[in-house]
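Student: Protein sequence lines, in the order shown, are assigned to chains A, B, C, D, E, F, G and H.
Residue 1 is where the first sequence starts when you use the working numbering, and the numbers rise one by one after that.
Residue 167 is where the second sequence starts when you use the working numbering, and the numbers rise one by one after that.
Residue 333 is where the third sequence starts when you use the working numbering, and the numbers rise one by one after that.
Residue 499 is where the fourth sequence starts when you use the working numbering, and the numbers rise one by one after that.
Residue 665 is where the fifth sequence starts when you use the working numbering, and the numbers rise one by one after that.
Residue 831 is where the sixth sequence starts when you use the working numbering, and the numbers rise one by one after that.
Residue 997 is where the seventh sequence starts when you use the working numbering, and the numbers rise one by one after that.
Residue 1163 is where the eighth sequence starts when you use the working numbering, and the numbers rise one by one after that.
No false leads were mixed into what you were given.
Quick partial rundown of chain H residues pointing at chain F, CB under 10 Å, derived from the structure:
1. Gly1174
2. Ser1175
3. Leu1179
4. Glu1197
5. Met1198
6. Arg1205
7. Ser1206
8. Gly1255
9. Ala1256
10. Asn1258
Worth flagging that the hints you see were computed from the coordinates, not collected in a lab.
Cβ coordinates follow ideal geometry from the N, Cα and C atoms, glycine included.
There are 8 protein chains.
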Amino acid sequence: MATNPQVLLIMGSESDLPVMQEAVDVLCNFGVAYEMRISSAHRSPVRTTALASEAANRGIKVIIAGAGMAAHLAGVVAAKTILPVIGIPMPGGALNGVDALYSTVQMPAGIPVGSMAIGKAGAKNAGLFAVQILALGDERLSSALQAFRAEMDRDVEQRDLALQAS
Amino acid sequence: MATNPQVLLIMGSESDLPVMQEAVDVLCNFGVAYEMRISSAHRSPVRTTALASEAANRGIKVIIAGAGMAAHLAGVVAAKTILPVIGIPMPGGALNGVDALYSTVQMPAGIPVGSMAIGKAGAKNAGLFAVQILALGDERLSSALQAFRAEMDRDVEQRDLALQAS
Amino acid sequence: MATNPQVLLIMGSESDLPVMQEAVDVLCNFGVAYEMRISSAHRSPVRTTALASEAANRGIKVIIAGAGMAAHLAGVVAAKTILPVIGIPMPGGALNGVDALYSTVQMPAGIPVGSMAIGKAGAKNAGLFAVQILALGDERLSSALQAFRAEMDRDVEQRDLALQAS
Amino acid sequence: MATNPQVLLIMGSESDLPVMQEAVDVLCNFGVAYEMRISSAHRSPVRTTALASEAANRGIKVIIAGAGMAAHLAGVVAAKTILPVIGIPMPGGALNGVDALYSTVQMPAGIPVGSMAIGKAGAKNAGLFAVQILALGDERLSSALQAFRAEMDRDVEQRDLALQAS
Amino acid sequence: MATNPQVLLIMGSESDLPVMQEAVDVLCNFGVAYEMRISSAHRSPVRTTALASEAANRGIKVIIAGAGMAAHLAGVVAAKTILPVIGIPMPGGALNGVDALYSTVQMPAGIPVGSMAIGKAGAKNAGLFAVQILALGDERLSSALQAFRAEMDRDVEQRDLALQAS
Amino acid sequence: MATNPQVLLIMGSESDLPVMQEAVDVLCNFGVAYEMRISSAHRSPVRTTALASEAANRGIKVIIAGAGMAAHLAGVVAAKTILPVIGIPMPGGALNGVDALYSTVQMPAGIPVGSMAIGKAGAKNAGLFAVQILALGDERLSSALQAFRAEMDRDVEQRDLALQAS
Amino acid sequence: MATNPQVLLIMGSESDLPVMQEAVDVLCNFGVAYEMRISSAHRSPVRTTALASEAANRGIKVIIAGAGMAAHLAGVVAAKTILPVIGIPMPGGALNGVDALYSTVQMPAGIPVGSMAIGKAGAKNAGLFAVQILALGDERLSSALQAFRAEMDRDVEQRDLALQAS
Amino acid sequence: MATNPQVLLIMGSESDLPVMQEAVDVLCNFGVAYEMRISSAHRSPVRTTALASEAANRGIKVIIAGAGMAAHLAGVVAAKTILPVIGIPMPGGALNGVDALYSTVQMPAGIPVGSMAIGKAGAKNAGLFAVQILALGDERLSSALQAFRAEMDRDVEQRDLALQAS
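Based on the sequences and whatever the hints tell you, model everything.
Tutor: Printed below as a string of structure tokens:
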């Protein structure tokens, strides 16, 4: 983790780490400094509130919050900051993340959370969405994103060619 | 409302009033002092936290929280008090309360919320559940509840007799 | 199990035991005397009705009922007692507990059940919710709950610190 | 209603009457004697249990039970009789009958309920299903059902011809 | 299988056999003669139609039909007979039986199907429901069902006693 | 309707007419001869089977089938013809067409149905899909479809321009 | 793959191959020339658009598109061609294909996609549906389909006979 | 609309205007220049692609896309730009926006869309989320957002006080 993080990642529980790692990997690949914390909306509400309230003053630009079941974390964080908050609904539990999705995306008017898909795809996209926001003020990231898109396109093409050749 | 409320009702928005009124009516009928407040988990997080934190010291015994969509209110309140918190998922919105139900009932381990049904039936039952909790230490309420149950039974019987006679 | 149980746990089937154990563990940790019974709303209706009807006279304060699929147990029990009844929807079956959730939480007006989340998280919270209700009249439990909350908070902090150090 | 009813219809609430009437109309059309009662699994459990337990001795052959939300009525009745019990999930409430459907159809092994569709179509079919069961031992009903089927077929044909002619 | 079957079981695919076996086991235990057939509403429509049309003349009293996904089997069979048809929605596929449940239970007015729960619990109950229907005209089955109910009750009691003793 | 219809539309009930009309309007606009019939999979199974079996010999090229609730019509028709069958799940009923969608689209392997969206949008697209299939062997329809697409594009553009000007 | 393919299969990701193979197997069995490509609506939008736009001129008659989660592929392809497009919703992800189903089948009016069931059954049926469309102008395929239907019927009969004999 | 828009709003259909207006109102209140366009992913794919591709060069910073049913618009736009894309699932249709929600939020890994709630609450939050992103590089917007939050808090307080006084 970095001295001057631009992105703060908060997860509600240690068990969310494998999913959150997808977002971290993206930030690492783009050379974006981040800080990753464990803090629960319910079990450590004071520390969660503090993390959210102080983020902007510490130079954080974007917050990514991931939680499962009745996933209040992203909403609770969003209520305490005007930084953009990206939510990742965690899979698992009997409803396998539909509860987390509805708890994250169906925010009432006034306090927005930008929700990603449930689970690892959502976590990877959370990292990319954070980079896309940061790239609005960062030429280097903007170029890196364009290269990433071109690389994705080439990767699909390579797999397609391999399939044709098989 | 009363000088020494035993039940604190919090709703996320003024528009939840017609549903919350069902709980209030029950408390009135049983002569239970209550206080009803509007405070949002997202739009007024500081006041919501304060209401929850101070409730026990003010003599409150049970909290009823009603909210819609990504209904974080009951969970946010429950995280700041050890009083029993009863949640009422509000209907409305495109998902008509399924989102509020999942956001209220699917609380992760550690911070319980006792969820009622979506809407007015849930609100009435929230009032009754609060009375049932208070009745554990209040002989008068215990008797009143037994009378209420007998009355409900008689009411069903009357309607049944009327149907037979029709 | 204890001579003068304060909490009665009823499960519809032996197969619900691993989930119910989460509630039992909480009660044990808080030193709350309990009794755990197997009785089905459908397969042993007479004994279920008797358990519910006699609970208050035996000194029971709170009932926790867990059942799966068309989970009628909590509602059937609640109809025969004015004690607070906490429902745990069991996971499993083709719908993995959504049926049990709706059958437990969507109680019609008049007979409340306080529903927890589906499965183990819900069972643990059922135990905690029972303790929170009992703590209204028990200073020792009230202090123990506050200590439990502080411990949960510290536990999250420890895990967060470990993550920062890793 | 009739002196020696063969079919007992029970509804959980007076408000279910317009839906139950669809079943009654079918029974009337087929000349099947019936008795219709209001009794709730939750609000009048003793009377509901008695209705179910005594049905067989009174000469009842089939029971039709309709209830909404966490619809325990059909299951509670089925637990107290070995007569075939047909369930009608009532529409209405925030979930518009999905809760009633799951609470009616997802009965655990041991106590069957034959569930119909949610609402009026289900109620009409409940009446027909009862007649089909009774027809196993009643030549007149068997003939009447065959005539009813032929009439339905002709009715579709008439509508089709009218459409072609329009 | 028996010379003069009273119950006809039809499954849409060989893969449904482990679920259907639950119904067969019940029929065997109650000494009810049955016939079990594989026939698909879609892949062998002529034979399915014939099985349904001829069932009554062959002395069949009740038909049990189990199918998965867009489970049309029970409805297609019911359209060709006035015998009571019991549907078992099969689990499996991406929707794990919710599609089969809706395709079985949501029959339009006119042609009833009595739907059981998804999967093995539903299949066991299908067998029991068939026996309950047959018991209306069979004293022996009526007594056997009462014994079965008493046995189930005792079984729950035994498990409860074992739990108390553990 | 036409002497040599290329498209056969079947609806399960007269009440489906307003939705089916959307498909008819498309066929009219493209000058495709059609025949529209009312026939139910359940209430008039023999005529439904006959309509499907004889369609190919009568020169029909595509069948469009619309039904609601447990919508077996498209599947029953598809089982009796090798012509492409397009299904329209009808809205309405307590589940508002989710049941019809699952009953139409989740066909088991072997007998395909091409499902459209629930309701009027699906019906319009059913007409267009039929035209697209017919256009494979009909130059005039192919040109007409291209013109239709261009017109749709222009229509969006006009509305966009109007919005800019407002 | 073939020199003059009649069917173009596009999948959004290499991981969809095991499902798509079911469609390919059908085309092979019927001797229909096909081309299978990997191209994503999101990661390689230009190539996806080109594949769709050029398909008709290359002699393609039918396009089969399979994708998962927010499955835009079939719709994006359908927007760029007047050939019939068949969609296969892929299972997997936290919602196991319900998201892919809704994203595929719920196309707004104007651009139809014929959706199959989620997963392998849907893929097999996609292949069959393509053959049924091609058979409208190909006597050989028409005969082959009739033979295939007869074979399926016989196969069910064989399994039924084996069950009777067991 | 403005000469140098910072936010581009695209809706799939004119009928989405009342919902989109909620986002526009927010942008107006914050003095953010915007451009609102009608363009469909399916009916005008070329213009949609052009709008997305050229947005960054025209100085657009954030894109808001709203569409209903199988809502591909946000994903199709996101695939053609590295600007942050915010999706608004439109309510309406038989599934009332669940289809649009899944089609918007469940984006596969690689191309993120930040999804808001279904309907007007989501649209208002989309406007706010865009402002929060723009505020990262705009001191004036940052202050305005803080004022907006304080105003929301005060508004809740006023309504609470009015309720206490009533």
